[in-house]
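Participant: Residues per chain, in single letters:
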Amino acid sequence: MRGEGVGASVLSASVTIRKQAHMADTVARMAGTTRARTSAPARRRRSAWQDRLAGVIMSGPALLVFIAMFIVPMLLAVVLSFTDWNGYSLRFDFIGFENYADAFKNPRTVDAAIFTAIIAVVGTLLCNGIGLAVAALIAGNSRGNTVLRTVFFYPYIISALIIGFLWSAMLAPQGAVNSLLAQFGLAPLPFLTDMTFAKASVILTIVWSHFGFNMILYLAGIKSVPTEYYEAATVDGASRWQQFRNVTLPLIAPVLTVNLVLTLVGLLKAYDIVLALTDGGPAASTQTIVYQILKDSFAQARLGFGAAQSVVLLIVTAALGLAVTFARRGADRKASES
Amino acid sequence: MTISTQTSPNIGAELLLTDADELPRRRYGRRGRRRGGPAAQRTPLAASIVKWVLLGALALVMLVPLYILVISAFKPQADIILHPLAITPDMFTFDYLWNALTSEKFNVVGAYGITLLFVVLVNIFCIALSAPVAYVIARGRSKWHLALLLVFVSGLFIPGQVTLIPVVFVLRVLGLINTIPGFLLFETAATLPVTIFLFAAYLRTVPRDIDEAAALDGAGRIRAFWSCIFPIMRPVVATIVVLNSIGVWNDFVSPQIILGPGSGIYTVTTGVYAAVGEFSTDYTVLFPTLLLAIAPAVIFFIIMQRHIIGGLVAGATKG
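Quick mapping for you: the protein sequence lines, in order, are chains A and B.
Residue 1 is where the first sequence starts when you use the numbering used here, and the numbers rise one by one after that.
Residue 1001 is where the second sequence starts when you use the numbering used here, and the numbers rise one by one after that.
None of these hints come from the bench; they were simulated from the model.
Hints are not guaranteed to be accurate.
As the list claims (entries may be wrong) - Interface residues of chain A toward chain B, partial, derived using beta-carbon atoms under 7 Å: (1) ALA54; (2) SER59; (3) VAL65; (4) LEU76; (5) ILE158; (6) SER159; (7) LEU166; (8) ILE216; (9) ASN246; (10) THR317.
Keep in mind the model is a prediction, meaning the values are calculated, not measured.
For glycine and all other residues, C-beta sits at the position ideal for the given N, C-alpha and C.
Take these sequences, add in the hints, and give me the full structure.
Facilitator: Structure follows, in C-alpha cells:
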C-alpha cells in the first residue's frame, strides 16, 4: 500500500488521466487562436531543424532513463516469466506457461492472493468509509478541525515499515495493548499470534495509517463544492444528512473514484507493513502477493516464478483500476455536468 | 449561528439584483465567510456531543501509539511492558536513546545524511530530466509528441514492484547493482511518469507568448526554457518535490533490493530494518530507533504541513 508516496500518486494520476486529457484539450482549444497568431513570426526567426534538435536534446535523456528502467524491465519480466531462471546462473531454459500454471496452483500463492484481495477490499472500504465520514465531520475551518486533520493524517508521512514495527510492538503478547487490557482486568488477545487476529491486525494497521490520506482528498473535494448549493438545500429544508447525501456526495463523485482506485490499487501492493508487523506469520497466514513475489524471486531464487506472479499482479492491478474507473464513469460525468 | 437564518433573504436579494457587477462580489464575500459548507449549519447539541466524542476517541487512537513510541524511547524494558502509558522521573533515562544514536548496527546520523542526499539528488535529477521533456510535450503538436507523452504515462500503470526484479538484472548488466548511481537511476526513473505528467499539464496552461518573447530576444529553445519558462513552474515543482521527498525518504523495497545489505549503504528505512528486524522484542532498541527514524519526517511535516498536504492533494486529484 504505502512505502511508495510517489507510487500512490502515480496511481492517483493515472485515474485522472482521462479527465486531465480532457482539460488539456479544452485549454489547448482556448489557447489555440492566440497560439496560431503568435507562433508564426518566431518560426521565421529560428529554423525548424534547430527547434527539432533542441526538442531531441531536451527529451532524449529522460526517454533513455525511462526505457532503461521501465520499458526494458517490463519486457524482461514478461520474457523471464517463461523461464526457470534462478537469478544467478548463466543459463536458463524456457518452460512455457509452467510458472503461470504454478502461480494458480501453488497453495502459498493462492493463499497470498486471497489475503491480498481481502486487504484490498476490506481496507478500501474502511479507509474510504472512515476517511469520508471524518472529512464530512471536520470540513469546517475551525481551529479544532485543523488540529484534528493533522492528527488523523500524520501516519501517512511515516514509512510503512516503521508503522509496522510500531504496531508490532504495541500488539505483541506483552505489548502496550495487552498490558492495557490487563489493567482493565481483561484477558490478553493473540493479536499477532492467531491467524485470524493477525490478519485483522494487518488490515487495521493499514487502515490506521492510510485513512488520513483519503480524508485529505475528500476534504479537498468537499471544500470545492460551491456554498450556494448548500444554501439552496437549506432553503428547501434539507437536513444535514440529506445535504450530505444529495449535494455533497454526488458532487464529489470524481474524488470518490480517485480515492477508490488509489486505495484499491495501492493495497494490492501491501508489503512493507506486513514485513514489519507479522513478517508473513503466523504460519504464513499474512503473506501478501508482493511478499510472495519478493520471497520467491530472491530468497527462493525462483526469479522466473516471481516474474510470472508480477506479470499477473500487473494485469490484475491495471484491470481493477480501469474497471473501477469505468464503473464510476456515470457518476463522474454527472458531477462534472452539474 | 445566525448565518443560516440570514441565508434565505440574502439569496432572494441576490436573485433580485440587477447590477451584474454586484453579484459576483457579494457572492465571493459571502463565500469567504462561510467556507465550511454543511458544517457551518446549526447542529443539535446531542448530535454535536456524539460527533466530538467519536472524533475525540479516534484522535486518541491516532495519538496514543505516537505517545507510547516517544515515551518508551526513554524507559527500560520492564517499565515499557508494565506501564505502557506512564513516564516517571525514576524510569526516565537517555541511555537507550544514546545507545541507539551510537549503535554499531545502525549509524542513524549516517543514514539521515545518505537518505537526505538521495532525496536531494533524486529531486534534482527528476526535475532536470522531466521539465524539458514536459515542455517539449506541452508545446508539441505532432503525433510524435503525443506518443512521447503516452510512453511516459504508461509508466503510471506499472507498479514498481513488478519491474524491480528485472531492474536488478538490468542494473547488473550495467554494473550498477549495489551502487548509489544504480539506486538513483531507478529511483529517479520511478518519479518520471508522475512528474512529466504533472509538468506537461501545468505547462499547457502557460501562455506561449513567453516562449515567443524569449525567442525574439534571441535565446535558443533550451535556454529560453530554463531561463524564462522554468521559473514560472514553481508551484508544480513544489508539488513534485513534496511527492518525491516523501516517497524517497520512506521507500524501503528499492533501497533494500538495489543497494542490498552487502553494499553497506543504509537509508533510514533499511537501517531500521537491519537494526530492529531480528530484535523486535527488545523494546529498548526498538523504540529509540523508531523515534530517531521518524523524528526528522515528523518535524518536517509539522513545519511544512500546509505545503505537504497541498502537494499531495494536487498530485492526487489535479494531475
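Participant: All the hints need checking, so say for each whether the structure fits it.
Facilitator: Verification of the hints:
no., hint, in the structure
1, ALA54, "4 Å, holds"
2, SER59, "4 Å, holds"
3, VAL65, "5 Å, holds"
4, LEU76, "4 Å, holds"
5, ILE158, "5 Å, holds"
6, SER159, "4 Å, holds"
7, LEU166, "6 Å, holds"
8, ILE216, "6 Å, holds"
9, ASN246, "11 Å, violated"
10, THR317, "6 Å, holds"
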